[in-house]
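Visitor: Residue numbers (the numbering used here), protein chains in the order written: chain L, 1 to 222; chain A, 1001 to 1480; chain W, 2001 to 2666; chain F, 3001 to 3318.
It should be emphasised that the hints constitute simulated quantities derived from the structure, not laboratory data.
Honestly, I wouldn't trust all of these hints.
[To be verified] Listed next, the stretches of chain W that the computed footprint assigns to chain F, with coverage defined by at least 3 CB atoms under 8 Å from CB atoms of chain F:
#1 2383-2397
#2 2516-2528
#3 2552-2561
#4 2566-2577
[Stated by the list, open to error] Per label pair, the in silico range of CB-to-CB distance:
#5 W:His-2593 / A:Lys-1437: 53 to 59 Å
#6 F:Glu-3255 / W:Phe-2548: 36 to 42 Å
#7 W:Trp-2325 / F:Leu-3012: 35 to 41 Å
#8 F:Arg-3293 / W:Met-2604: 21 to 27 Å
#9 W:Ala-2018 / A:Gln-1406: 38 to 44 Å
#10 W:Ala-2018 / F:Gly-3299: 42 to 48 Å
Bear in mind that the values here come from a model prediction, so they are computed numbers and not experimental data.
Even for Gly, the Cβ is constructed at its ideal location relative to N, Cα and C.
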Amino acid sequence: MGSLAFDIAHLLAGTMLVLSFVLLYQDRVTAVLNVFALQAIVLALSVAWQSVAQASPHLVVTAAVALVVKGFIVPAALHRIVRKLDIHREIEQVIGGGVTMLAGLALVALSILLVQPVGEVNIITREDLAFALAVVLLGLLMMITRRNAVTQIVGFMSLENGLVLAATGAKGMPLVVEFSVAFSVLIAFIVFGVFVFRIRERFDTVDVSALDSFRGERSDRI
Amino acid sequence: MSVPIELLLLLLVPAVAIVLLALVTNYRLGAALNVLACALTFGAGVGLLFVPRMRSDILIVDDFNIFFVVLTTFIGFTTSIFSATYIAHELETGRLTPLFLRFYHAMYQAMMLAMNVALLANNTGLIWVGVEVATLSTVMMVGIYRTPEAIEAAWKYFILGSVGIALAFFGTILIYLAAQEVLGEGLPAMAWDRLVQNAARFDPRMMSLGFVFLLVGYGTKVGLAPFHAWLPDAHAEGPTPISAVLSGLLLNVALYALLRFKMVLAANPASLNVGAIMVVLGLISLFFAAFMLYRRRDIKRLFAYSSIEHMGVAAFAFGMGGPLANFAGLLHMTMHSLTKSAIFFAVGHIAQVKGTQRIAEIGGLSVTHPVLAVGFSFGVLAIAGLPPFGIFASEFILISSTFARQPVLAVLLVVGLLVAFGALILRLQDIVFGDPKGPKDPVEASYVPLFLHLALVLVAGLWLPAAVVGWFRAVAVLLG
Amino acid sequence: MAVLVGLGCVAAFFVVSALTLVRGPFGTTFVYGASGAIALVGLVVGATQLLAGTASAVILPLGLAGLGGHFRIDALSAFFLTVIDLGGVVTSLYALGYGRHEAAPMRVLPYYPVFLAAMNLVLMADDAFAFLLSWELMSLASWAIVLAHHRDPANARAGYIYLVMASFGTLALLLAFGVLAGQQGGYAFDAIRAAPPLPLAAALAVLLCLIGAGSKAGLVPLHVWLPLAHPAAPSHVSALLSGVMTKVGIYAFVRIVFDLVGASAPWNGLLVITLGGITAVIGVLYAILQNDLKRLLAYSTVENIGIIFVGLGLALAFRANNMGWAAALALTAALLHVFNHAVFKSLLFFVAGAVLTATGENSMERMGGLIHRMPRTAVACLVGCGAISALPPLNGFVSEWLMFQAILVSPQLPHWGLKLMVPAVGALLALAAALAAGCFIKAFGITFLGRPRSPAAREARETDGFSLAAMFALSALCVVGGVLPGFFIDLLGPLVQALTGDVLPRQAGLAWMSIVPIAESRSSYNGLIILAFLIFSGTTTAIVIHRFATRATRRSAIWDCGFPLAAPQTQYSSSSFAMPIRRVFGGAVFGLHEIVDMPGPGEMRTGSFRVRVIDPAWRFGYGPLARYVGTVSLRLNRLQFLTIRSYLTLVFCALILLLLVVAAWR
Amino acid sequence: MAMIVELGLQGLQMLLVVLIAPLVLGITRKVKARLLRRIGPPVLQPYRDIWKLMHKEAVLAHNASWIYRVAPYFIFAATWVAAALVPTYATALLFSWSADLIALVALLGTARFALALAGMDVGTAFGGIGSSREVMIASLAEPAMILIVFTVALVAGTTQLSAIATTFITASVGLRVSLGLALFALICVGIAENARIPIDNPATHLELTMVHEAMVLEYSGRHLAVIEAAAALKLVLYFSLVACLFVPFGMATGEKTVGALALGMGSYLAKIFVLAVLLPIGETSVAKMRVFRYPIFLGGAFAAAALAVFLLFVSRGF
């Protein structure tokens, strides 16, 4: 595989990582959604490129799924939810943006540190892997630093973008397509859940009344 | 090569049952069909014992999974019997509607199918699919009562489960990458037996990195602390049959997946010593659950925590490694799933006759329902590790063999077990003895599954069939 | 052969227990009758094996995978089988009468045979798994019976503490076996014997065994469950618990420390002796304070266990210093006391049960004058009290005397710690003996003598024939054991020989059937002649006076220095009897609080006097422990109430931690 | 024939102790009276008292049980047997080996057991006081006694009284610290056990600190006579114990020739007389203690005996 292929794959993966940081940085719901859509599109591109590079046409399906579902449908749906449940636009963060950024950088460093010494694995996959790992960790970080349901979903989805990136990066991995589909189903479930159960601030309050009524024996702790 | 008919049945029967049960409107017929399907699956599982071991790149039957297949299908079967009577009562009390019952039964079969797939898969990806589907189907059933608590529990389960799934998937990719370098692209690089055979040549770093993700991912399903959060609420809020299969089966299947990967790592001496990590996680789970037991007020949540405790013990055993400890771990998994499901059967009866799950409102069971009290007490005593029940045997081997190797760890284990013991007996006495509280109306659900399980646990505590011992020994060696 | 019969007995017990579930004919009479018969068979098996002195073993295809169930009866098991099945026989006999008073028989009947079976099985077990399994089964069955009267919260608490302590002990024993079995897991006892442990391992095993067996036997400070659980059970089971099950604990100690571990360091003996002495004194001091008859007996069990452990510790020390003959003496003393205590403690619990059913009262404060209402029971009780107070010529004195003889040879021990500790323990034993006498003067005097302190006591009725038969059988044993101790000592010969490699001189041949543990010139005792002397001189005095002086007797009112008070409350009560002892030892041993509320002159309210005594083991040991568990669980309990995000944070942190581990590992 | 003689000698000792017991009591009383500048009753008064009591009818409370009636004889018998087993004028009598020093202590314990029960039988406050205090005193005195036994037994290498006496006469035991301590302890214990001042006052009734008299308060007639006799016997027993253990000289140890026996008899009576004179002197020079100071008194005895034993355990030289 030529160095051009390598460069392009690298570039795309890098772009995704940068976009993860942008996601982490954003503090307005709509902006977050748009950035995510962008990341999904980049993912689709990278997957498509992998399908070319690895000469494995079935990856095109994955790319298409990523593009359609995560690039357009889900962001649109989330936009709708934001409007319907009139979630206030500001996202309150658990820890300050600066700290989050630093943590994110630390995570990237960690993931490179982890993947770098990995030996015989060919160079593309290794680079991709580092980026993918970073994206995954950043997604998780986003999930736990945001109090807002929608942004948490976005966090999960960007995490899952990282997975798909890694999966497609892994040469000739079977069932990748199925996996991507399965994940899309999962995401659909989550979005559906948010919408049906009218979850506003946090995942774990279905309804404000639920808070004091229950939450695992709170009512009768000693 | 030909796939034996039993194997196909194991997968086809539930698959067909899903569709049928989704269509059947009459709930009695549905329950009956559910039992029938489970019976057929169980039969197929037993039949599998008599076919020669086989493998393909997708499916495999070996000493390890064949036993768990039988166990899983068996408990699935008994639970379906229990569920049939239990659900009828739920319908009378109006907590469920026939429509939801159709959904419930379909999901039940979906879960069985998923677990069978996970157990029989000879493919790291397929097992992942199995566990994920099993999780999703149980999520559906946990939330089936649609009370705020139930939905919250289901939601918590769902989110944490999804994150777990994602991480496990990343781990799977990493293992594949490690294997692909040696075994080339495609299915072989994901097949258990090939992985184990060639693990020595894999890149140890990649494997270790992958295992960490798998540990967190599948560990969430196993319910190891600190990944346990979903488990207590899911057990407490779902229908009791689901609590039984969650504790009895799903945790086992997740641990089974983890063990498969541990085998691969064990085959490569250069890789990270995951045993230590598992020991630490096991001890954390044990102590955490043991102390949490004291403050429980909800009877089902109580035993959910006890499941965390026992999964911790099992993880500890496999972490210790060595033929004795691994043997103990396998025995412990088996005994725990049998005992715990039995306990949940009893708890289901109790909750139905007393109309509550709050321990404070249950008392003097031995006065109002002597038989039920006996069954329940035996279950709790067994889970607390008292002889002559099976868990005593496994803990006996584990503790004594550990003490000879790592005295400090053994002492820690003993302390944890003792703390948990104290809590369990305390609650047991609250429930079974003292002045009777609550209604006295008789139990209409059937006691058969409860006492069947208890009998099995009792026999296993006194005598194990040579075949089972043989399988366990073989697997224990593989687990390193 | 013998072991097969023994196992058959065990199986039969289980059958009986199963039959109780079939209602109808298989009621109280059947269960106790059958159990008694089976126990009799077991008794015969034990006795014959003891006389034969041979071992008989079998391996059943049961038990732990790949291990099999090893069972064996050697001299040691045979002796304890004799003790335990003797207890089983008389208890069943007693229960034939007493059991009828049980309100809810189905809470006792199914478990009673299982309890007996488990105890027999422990003695026959010859591998670690079978041993611990039957050991814990024993605890379990007795726990069920302790909770027979479960509606009383105190009993529930007793049962809870009992089971937790029992499990604690089992785990300690499990660890002991772990260290003995080694990494390959040779759990069969002969495998353990074959591979003697290293000194450190041996010491560890002895320590763990002391904890495990001691917690079952009631060694201070592991005794806390005993005075709670033993009285909680129905009286015949209390007799089994106190008189017999504690002996199983002793058996475990002897079996593991003397038989399996083999040679051990002298300081092990020192430790055991010290604990034993402390146990003896603490036990009897608390016994004398009790007002509840059965609790008094339970505490006195603690005392006797202490005495036995002193003997065992001496034997250990002697054996460690190659003084076989002295070890034999000490071990004989200990084992003889095991037998004697089993006899008179069961007897006394029978009496307590009879009194309990006759008056319906637990507290001695509401008894009195029962010697007029239940004369036969009183006689049996008097014999029992005399025996347990180590009065010649009864059996209790013989073992105590042997114990002192063993202490008197201990100056020859080279070990300095022992040199200093043994005489101190000797003094403690003497103190315990004197206090025990006082304790049972109180028990008998307050219960049977004086004037009735409650209407119930005034209306009490003599107990039934079965109970009396059991009591008198045991009383007879007390006398015979005291008058002809030589035979019992000879019976112990083979077993002592096996464990210490030496044996006492044969007693049966001696003139006048006296006993001579070491040498005629050194010490000897003859209960027979003492008894003869007592009878002779007593009767002569009586005859002489009645013959040559007057025999005139007049009944009249109590004199009491001229101003008798009619109210029976003016008698000395149980607590007032104990007052001097309480004062003398109070501050030191008991956390004693005497709360006196005396109304001032002209006040109309009633005065009150309350005594609160807290066992130091509770104050410093178990109480703080329980509180600690409580606080920790409360702290941790917060984790039940977090939000999903926090849980995710937990997962995230764990993941990062593990990744860092991987990063650091390479 | 030899057997007859042996039996005769044993019987002689039994009779001897019984017969001299009241006399010893009389002597102590007389001496004490003289020390208090009183004439005092004649020395033989105790015989008369016992004789008189024996011929009075016994008055029993209505609720007195058989224990109340049997106890006196039992107490007397136990004390008598114990006294008969202490070598007085000769060692190695026929039954001397049937009980050693420890058994002796236990026999006295048996007697005390019966006495305490008798005190509680009728159910009066005084009886209760007496019994509970007796128990308290015994619980302190008996350990001390056992330790004294240890001391002498360790020195002599045996617990047989005859053997001990023989060793102390023949072997060169010499003066030993431990034996001195033991003697002191034995005297203290003896005083406590025999209810003498400063522990108890045998001469009074209705004193709230009384112990022994409180227990026997209800007794009358022949029962009282037997109990008094037993008390006197006990005093003699302790005298002979001191004599046998610490001044065994003159005892007929070897061949029992008439001369040896006569010498033994004479020396024994002399020793007893001396002790009987010494006791009241000691008594009159101290004052009665309060009940709850007994532990200090007996604790002193216990400490002395314990010290003796420790010394011996450390080295036989002491």
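Visitor: Any of the earlier hints contradicted here, and which numbers?
Guide: Of the numbered hints given earlier, those the structure breaks are 5, 8 and 10, listed in rising order.
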